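A.B. asks: Sequence:
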Amino acid sequence: MMDSSSNSKWSISSFMYKIVIVLDNARIHHAKLLAPFLNEMKDRLELVFLPPYSPKLNIVEGLWKWLKSDIINNVFYHTVAEIRTNVQQFMDEIMKTPLTIIDRLCVRF
Numbered sequence: 001m002m003d004s005s006s007n008s009k010w011s012i013s014s015f016m017y018k019i020v021i022v023l024d025n026a027r028i029h030h031a032k033l034l035a036p037f038l039n040e041m042k043d044r045l046e047l048v049f050l051p052p053y054s055p056k057l058n059i060v061e062g063l064w065k066w067l068k069s070d071i072i073n074n075v076f077y078h079t080v081a082e083i084r085t086n087v088q089q090f091m092d093e094i095m096k097t098p099l100t101i102i103d104r105l106c107v108r109f
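At position 86 of the sequence shown (counting the first as 1) the number is 86 in the working numbering, and the numbers step up by one without a gap.
It should be emphasised that the hints constitute simulated quantities derived from the structure, not laboratory data. Please read these numbers as outputs of a predicted model, since none were measured by experiment. Just so it is clear, CB atoms sit at the ideal spot from N, CA and C, and this is done for glycine as well. One or more hints might be untrue.
Only pairs whose alpha carbons sit at most 30 Å apart, straight line, appear in this in silico DSS-like list of lysine-lysine [to be verified]:
#1 LYS56 <-> LYS96
#2 LYS42 <-> LYS56
#3 LYS32 <-> LYS42
#4 LYS68 <-> LYS96
#5 LYS42 <-> LYS65
#6 LYS68 <-> LYS56
#7 LYS68 <-> LYS42
#8 LYS18 <-> LYS32
#9 LYS96 <-> LYS65
#10 LYS68 <-> LYS18
The following label-pair restraints were derived from C-beta to C-beta distances [claimed, not checked]:
#11 TYR77 <-> GLU46: 36 to 44 Å
#12 PRO98 <-> ASN39: 20 to 28 Å
#13 LYS68 <-> THR97: 13 to 21 Å
#14 HIS78 <-> PHE37: 38 to 46 Å
#15 THR100 <-> PRO52: 23 to 31 Å
#16 ILE102 <-> LEU38: 29 to 37 Å
#17 CYS106 <-> LYS68: 32 to 40 Å
#18 LYS68 <-> GLU46: 28 to 36 Å
Could you build all of it, start to finish, from the sequences and the hints given here?
C.D. replies: If you want it as structure tokens, here you go:
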């Protein structure tokens, strides 16, 4: 979508809502290469960084811990395909009970 008033390829007026993205402090999330894009989209995107070392606030960390405990820990897989199959089965299974995911992963204040 072209904005006729500038050289920008995005028109902020074409968006209705601001997107908020919650990130951990991985180095890639602070890459200088992203700076021009983020500056251009500052009215459209808001980045919120978690405090350093805050695994309880990072849902992905909880999911990774759950996956490791149920699928990876103390198991020897002969092939990568076996790992993929078991990880996919784990993901398929937990998606059947979304409330279990919320109960296990979401922080309650």
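A.B. asks: Name the hints, by number, that the structure is in violation of.
C.D. replies: 5, 7, 10, 12, 17
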